[in-house]
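Trainee: Work out the full structure: start from the sequences and follow the hints.
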Amino acid sequence: MTRITRLFWLTLLCWAGGIVDEALQVMTPGRTGGDIGDWIADVLGAGAGAAASIPTQRRLHRRPSA
44 MTRITRLFWL
54 TLLCWAGGIV
64 DEALQVMTPG
74 RTGGDIGDWI
84 ADVLGAGAGA
94 AASIPTQRRL
104 HRRPSA
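At the far end of the sequence shown sits residue 109, using our numbering, and the numbering has no gaps.
Don't read these hints as lab results, they were simulated from the structure. A portion of the hints provided could be inaccurate.
Pairwise CB distance ranges, derived in the manner of DEER restraints [unchecked claim]:
{"hint": "1", "residue 1": "Trp-52", "residue 2": "Pro-98", "range": "17 to 27 Å"}
{"hint": "2", "residue 1": "Ile-97", "residue 2": "Met-70", "range": "29 to 39 Å"}
{"hint": "3", "residue 1": "Thr-99", "residue 2": "Ala-66", "range": "27 to 37 Å"}
{"hint": "4", "residue 1": "Ile-62", "residue 2": "Ala-95", "range": "21 to 31 Å"}
{"hint": "5", "residue 1": "Val-63", "residue 2": "Ser-96", "range": "16 to 26 Å"}
{"hint": "6", "residue 1": "Ala-91", "residue 2": "Thr-45", "range": "15 to 25 Å"}
{"hint": "7", "residue 1": "Thr-45", "residue 2": "Gly-92", "range": "31 to 41 Å"}
{"hint": "8", "residue 1": "Ile-97", "residue 2": "Pro-72", "range": "33 to 43 Å"}
{"hint": "9", "residue 1": "Arg-74", "residue 2": "Thr-45", "range": "11 to 21 Å"}
{"hint": "10", "residue 1": "Arg-105", "residue 2": "Leu-55", "range": "25 to 35 Å"}
{"hint": "11", "residue 1": "Gly-60", "residue 2": "Gln-100", "range": "19 to 29 Å"}
{"hint": "12", "residue 1": "His-104", "residue 2": "Thr-71", "range": "14 to 24 Å"}
{"hint": "13", "residue 1": "Gly-73", "residue 2": "His-104", "range": "41 to 51 Å"}
Keep in mind the model is a prediction, meaning the values are calculated, not measured. For every residue, glycine included, the Cβ atom is placed at its ideal position computed from N, Cα and C.
Mentor: So, in structure tokens, the structure goes:
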């Protein structure tokens, strides 16, 4: 599995976590759930984190020059 594929699946997992978070907020007193704006913020944050990690991953996995 390539690094990009791995990042895609991890980002998708973060999106799913945002959905679960929104669903669980319904059971918390004083909170509302199902807020699409909050979920979009979760999605954008996961995407930004994944995009920011690509250069770091490349640097960490760079082979030393001979």
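Trainee: Between Arg-74 and Thr-45, is the Cβ distance one that fits in 11 to 21 Å?
Mentor: violated (39 Å)
Trainee: Taking the CB of Gly-73 and the CB of His-104, does the distance hold inside 41 to 51 Å?
Mentor: Since Gly-73 and His-104 have Cβ atoms about 45 Å apart, the given range 41 to 51 Å holds.
Trainee: Are Val-63 and Ser-96 spaced within 16 to 26 Å by their CB atoms?
Mentor: holds (22 Å)
Trainee: Looking only at beta-carbon atoms, does the pair Gly-60, Gln-100 fall within the given range of 19 to 29 Å?
Mentor: holds (21 Å)
Trainee: Does the hinted range 31 to 41 Å hold for Thr-45 and Gly-92 at CB?
Mentor: violated (18 Å)
Trainee: Could one say that the CB atoms of Ala-91 and Thr-45 fall in the range 15 to 25 Å?
Mentor: Since the Cβ atoms of Ala-91 and Thr-45 sit about 20 Å apart, the hinted range of 15 to 25 Å holds.
Trainee: Thr-99 and Ala-66, beta-carbon distance inside 27 to 37 Å?
Mentor: With Cβ atoms ~32 Å apart, the hint holds.
Trainee: Please check whether Ile-97 and Met-70 have a Cβ separation lying inside 29 to 39 Å.
Mentor: holds (36 Å)
Trainee: Do Trp-52 and Pro-98 keep their Cβ atoms within the hinted range of 17 to 27 Å?
Mentor: holds (19 Å)
Trainee: Evaluate the given range 25 to 35 Å for the C-beta pair formed by Arg-105 and Leu-55.
Mentor: holds (27 Å)
Trainee: Should the hint that Ile-62 and Ala-95 are 21 to 31 Å apart at their CB atoms be regarded as holding?
Mentor: holds (22 Å)
Trainee: Is it true that His-104 and Thr-71 lie within 14 to 24 Å of each other by Cβ?
Mentor: violated (40 Å)
Checked against the numbered hints listed earlier, the structure breaks hints 7, 9 and 12; every other hint is satisfied.
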